[in-house]
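> Residue numbers (the working numbering), protein chains in the order written: chain B, 1 to 367; chain Y, 1 to 367; chain L, 1 to 367; chain D, 1 to 367.
Hints should not be assumed to be uniformly reliable.
Result set (SDA-like, lysine to any residue): computed pairs, CA atoms no more than 20 Å apart in a straight line [to be verified]: (1) B/K189 with B/E246; (2) L/K18 with D/S26; (3) Y/K5 with D/D152; (4) B/K5 with Y/P29; (5) D/K27 with L/E35; (6) D/K18 with L/D25; (7) D/K27 with L/S352; (8) Y/K5 with B/S26; (9) B/K27 with Y/P29; (10) Y/K291 with Y/P206; (11) D/K280 with D/E325; (12) D/K27 with L/D355; (13) B/K280 with B/L47; (14) L/K18 with L/E35; (15) L/K27 with D/D355; (16) L/K27 with D/S213; (17) Y/K5 with Y/A243; (18) L/K18 with D/P14.
Cβ pair distances, simulated, as ranges [unchecked claim]: (19) Y/R51 with B/E331: 25 to 35 Å; (20) D/M90 with L/A294: 55 to 65 Å; (21) B/N241 with L/S118: 42 to 52 Å; (22) D/L47 with B/L47: 33 to 43 Å.
Think of the hints as simulated: they come from the structure by calculation, not from any bench. Beta carbons: idealized from backbone N, C-alpha and C, even for Gly.
Number of protein chains: 4
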Amino acid sequence: MINFKNDYNSPGHPAILKAVADAADSKFPGYGTDEATDRAKQKIAALIGSRGCDGIHFLPGGTQVNLTAVSAFLRPHEAVVAAGSSHVQMHETGAIEATGHRVLLTDSHTDAAALYLSSQAEGASGAKGAPAAQGGKLTADSVRRICEMHTDEHMVKPRLVYISQATELGGVYSLAELRALREACDEHKLLLYMDGARLGVALTSPGVDMGLSDVAALCDAFYIGGAKNGLLFGEALVISNEALGEDFRFIQKQRGGLLAKGFLLGIQFGALFENDLFFKIARHANAMAAKLRAGLEGLGCSFLVASLTNQLFPVLRVEQVAKLEENFLFERWEHIGGDLAAVRFVTSWNTSEDDVDALINTVASVL
Amino acid sequence: MINFKNDYNSPGHPAILKAVADAADSKFPGYGTDEATDRAKQKIAALIGSRGCDGIHFLPGGTQVNLTAVSAFLRPHEAVVAAGSSHVQMHETGAIEATGHRVLLTDSHTDAAALYLSSQAEGASGAKGAPAAQGGKLTADSVRRICEMHTDEHMVKPRLVYISQATELGGVYSLAELRALREACDEHKLLLYMDGARLGVALTSPGVDMGLSDVAALCDAFYIGGAKNGLLFGEALVISNEALGEDFRFIQKQRGGLLAKGFLLGIQFGALFENDLFFKIARHANAMAAKLRAGLEGLGCSFLVASLTNQLFPVLRVEQVAKLEENFLFERWEHIGGDLAAVRFVTSWNTSEDDVDALINTVASVL
Amino acid sequence: MINFKNDYNSPGHPAILKAVADAADSKFPGYGTDEATDRAKQKIAALIGSRGCDGIHFLPGGTQVNLTAVSAFLRPHEAVVAAGSSHVQMHETGAIEATGHRVLLTDSHTDAAALYLSSQAEGASGAKGAPAAQGGKLTADSVRRICEMHTDEHMVKPRLVYISQATELGGVYSLAELRALREACDEHKLLLYMDGARLGVALTSPGVDMGLSDVAALCDAFYIGGAKNGLLFGEALVISNEALGEDFRFIQKQRGGLLAKGFLLGIQFGALFENDLFFKIARHANAMAAKLRAGLEGLGCSFLVASLTNQLFPVLRVEQVAKLEENFLFERWEHIGGDLAAVRFVTSWNTSEDDVDALINTVASVL
Amino acid sequence: MINFKNDYNSPGHPAILKAVADAADSKFPGYGTDEATDRAKQKIAALIGSRGCDGIHFLPGGTQVNLTAVSAFLRPHEAVVAAGSSHVQMHETGAIEATGHRVLLTDSHTDAAALYLSSQAEGASGAKGAPAAQGGKLTADSVRRICEMHTDEHMVKPRLVYISQATELGGVYSLAELRALREACDEHKLLLYMDGARLGVALTSPGVDMGLSDVAALCDAFYIGGAKNGLLFGEALVISNEALGEDFRFIQKQRGGLLAKGFLLGIQFGALFENDLFFKIARHANAMAAKLRAGLEGLGCSFLVASLTNQLFPVLRVEQVAKLEENFLFERWEHIGGDLAAVRFVTSWNTSEDDVDALINTVASVL
């Protein structure tokens, strides 16, 4: 079975494993107070153009970063604004609400299946009626509308805009879109928070015009995903807005996210930001996805949503999906109607050209 | 500098690192639904004599296990009963309270420094007036007293007795003591929960008469500590009481403790319970501690509390402590009064006989 | 100014004030352990056909009842299912989320303004194109769809269906609709909870075919609203499902809802369920609303949604609204588009026929 | 049965009931936005010397005030410092912890029974060996010790000092003691919060040298108790520290403490601060307690703790207690040892001289 199921299906990139193995005989202070952690933070600070490292924290997992950040940043009546397809809404079992805060869903979350079907009806053929927009993104205006609806103390107060770069549907915010969100946030005194579980593939996506320093300048806080970009585990939270950072380690500890062997995170992130590895890994995943997309488009496949990152959502007939499942691992994403289903193919640093060729050839044989 | 600071100061035991490296080219399903995880659970189930694996869960860290378990097991008005020196009270930044539950402290927590001083006064000399009891343990009667004080709906309801095996002060419950606690729990409809961050050194401590199956039989839930016993990271929660286990994975996910690369925990625990490694690691740590204790006693040292596990708490004069700090890393534990201080020396799988000899010799030179 | 703003705009019905005054010289035990409270509970138990009073609790306010019940009934990963227009979603500042639970919104909440406009377009004239459905109600199928979307531990688990009888938009569930919801709940192991802040006007609404005993039989828990039906303050929670009732008073106290002078609630509810007062008050409010509705319909008014209870939502032109505001207090509910706005007129036990006539006459003069 | 059980055993003072009755035919806006509420706030502002009323809020009950204030004022890792005998620790079912915060107990809470016994042993006779200190008070030094013990992010951060004036044991802080606490708070950046459920009897206690304006100047926030000082229900929270007050109404609503008929609280507090009623009621309760204390002392009674407010804690033999219970309602407070028990007699605005005489005479007959 060839694996296109997700981007966290193997232990880690060889360079990361080597860095950990190289430290096997060293001894470290606990809880991230070690020099390996300091060095990793300094590398990140240099990349984002930060004066210091006080706002940089390493945590074991993404849900943990999100819930700890929200818990640290918001007062009890303040709410998170997010897309209906966002990770905090769909795949964290109410982790935000468990810290006491509501997630407010914007009207940006339109029904992807319905949009697909209407775009197909407009197009001359399945392959040509391509989705007009990338999925899962918030617009500045949808944020404004949420704020305008929340007018008094009988309602929660929108306070933190949660976006993912890339989104759960592979969409990527442009610099202009991110600036527009920042502007809406400033108008309504909102914090802008970016879930960067897949920040690597977003920043190396073709045509993307922003770097880590732009993200740091425009967001109050964001995290740089490690687990989906080559690490064994670990995510790097960056709190750009100094006022939010006070006592963060207390809350990190309280929520279970301050690892005793914190040095393991420092060692890994140190290696990830050495020799451009972070971006190399992401570029490879994107390249494999681009090759796969081109191959599928060549076969006349249509896609649920447009994606220029490492997740693709082709629409196939159900019996085609079943045949592919004989040799490939991937997600059935969503039933579209009739006998159509969207599936998800995910590429990663460990996806080879042969894997992609095999998938394209098999799709060709089942169409 | 030779490191006696803690038992989580290096990446992991070579056999654990090797197991992870061996899996580098494999691909796994996410969130612990892989076969490596299944095999690790089966090994644990066999050791504890469990029919199945449904109650076994792997989480990244100890504070996370504690807060997730309490959150899963208790209703809002139910409280945890614990010792004043317990980890949940002293070193988790209110993680239990952050889930909404009170920690009730028993009167078992007597002032170790005062006890030490009075025992010294009774003994003929420092070395001989050894502490009569091991520190940090709850007694069945102290649990009963807590229950008797909580009589109506204006007070929280004691519901879960939290003990550590070994305790934060190196103490170990005997099988008789554990049975007595179980009896008190049954009388008052309490759950018995064991924090086993250092369960390995407890079960292999000289004279200890219980095994994992006894722990599983007597506790409603407990965890087997990995990070302090050779793993990179990871703790194995065992929920023996089936009624408590329902929907645990929901709450594990909600609290951020369901790792995407869950297979990393399965791989490590699989190796830990292969070839008796779990117990070998623990026995080595205990042996090094025993050697160190014998050496220090031979020099006439006294100890704050008795400990037969891998943590020792000798009492030294402050200027002696300062001299030791020139060549050794360890914790200053507690000021005793006058110029006396208790320090903490911790041994681990990576402590060598040479390390211990060096420490004994240096203590001899500063006394 | 004549007041149609809400149904909680004066201290209380004279019979309620008299009951409190009559008790002025008596002394009572605290926290609802008094005989007046017992008698009130027995009256309610008789009306709902309950064997005992253990599941009946008096609390000071409605938001408090909702948050305390959810906190008592649900485990951390379990969620509330509610309509988008529901009180817990719109007017409680995230009280449910503050207890840690998500509110899942069904797709039943369609845009009332859009529905109104389309129904008007279909009708021959404004007055005749009446709204086809009552607003704010959940359907059994929308509950089923929510459950079908929540399939694994990465998502919250729907557990409690929250409905209001009457709804925030004046809608009333029929017995058949309530039974259909119960059936959907049974299929998916859900609890059915009814917010009865306006239960009086719902049960006395023309054509309604259910009584308190039906509500008790079909709901796991519900509350009988006092503050909007003649009391100074106070709501009566009935937990029909015995398994949910364990230790409720602990959680009531913890959430601040166990009043020291609980006897005040017992005295008031005792008077409310004497001489049919509860239903008399509600029938009067409904009668005044019916008179007002008939008057407005006679003037050719259309309504945002149909309502047979004490809240009416006529649609007027904005300049008409402004003129009415010179002599009447009421809510501007929602802007409909163009120069149209829906307003809300609420009647109560203290609304007189003269009040209604004055309003109808004034509307006539501004049309 | 004559009632000395508590100070909340009857509906309310006649002047309060009259004020509510006088408003029976008026109509009010909801949620405390009415003029009666404004006027009541202005009276309180005048008494405390406040520029405005923004920091004054009326809530239905005391536990609710405490939990709402803590929820509004603290970040998740911040803790409350309180006495072991405090209301938040002993009688609120973990309400503070349910908002996510730990209550840290100071060492000020010494065992009252043990102190009593030792003071009796020192005195020549029971009556003369009176308790040297009032019970339940925090000292500035005990606050400092708590702060010095909490040194890093593995522990909660002490942030709010909770005191009661008067305490649960009838003790009263002097102005000097309150200033000393303020000084300790300033040293450690702590908030000072006063639970004033019995603030009336404290401020009118013989020898007390502070007024409401002193309380407002020294505390960041405090509340003026209504339910135990003549109201039907209701407590007035004053947030003196403006920085703490932001968005308080959101959190009040979220926690269920924003009453729809908020005007009922405004009407009552308006009457309470008219004609010195607040202080008159409190002085009467104190006078009745003083008369009772003098009578009991004349009979040779000793007391568990000294109290100059409306709660007395005489120590009696168990068989004497049983005889008193034939004609009087009161609390058995604590068993002292042997056949001795402390009981609690509470006076209130509705305690008459005849009630007191009857109790003294009966005690005389059973001694």
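> All hints, please: hold or fail.
Here is how each hint holds up against the structure:
no.	hint	result
1	B/K189 with B/E246	19 Å, holds
2	L/K18 with D/S26	16 Å, holds
3	Y/K5 with D/D152	17 Å, holds
4	B/K5 with Y/P29	8 Å, holds
5	D/K27 with L/E35	32 Å, violated
6	D/K18 with L/D25	14 Å, holds
7	D/K27 with L/S352	13 Å, holds
8	Y/K5 with B/S26	14 Å, holds
9	B/K27 with Y/P29	33 Å, violated
10	Y/K291 with Y/P206	13 Å, holds
11	D/K280 with D/E325	30 Å, violated
12	D/K27 with L/D355	13 Å, holds
13	B/K280 with B/L47	15 Å, holds
14	L/K18 with L/E35	18 Å, holds
15	L/K27 with D/D355	13 Å, holds
16	L/K27 with D/S213	34 Å, violated
17	Y/K5 with Y/A243	40 Å, violated
18	L/K18 with D/P14	13 Å, holds
19	Y/R51 with B/E331: 25 to 35 Å	33 Å, holds
20	D/M90 with L/A294: 55 to 65 Å	58 Å, holds
21	B/N241 with L/S118: 42 to 52 Å	46 Å, holds
22	D/L47 with B/L47: 33 to 43 Å	58 Å, violated
Hint check: violations occur at hints 5, 9, 11, 16, 17 and 22; the rest are consistent with the structure.
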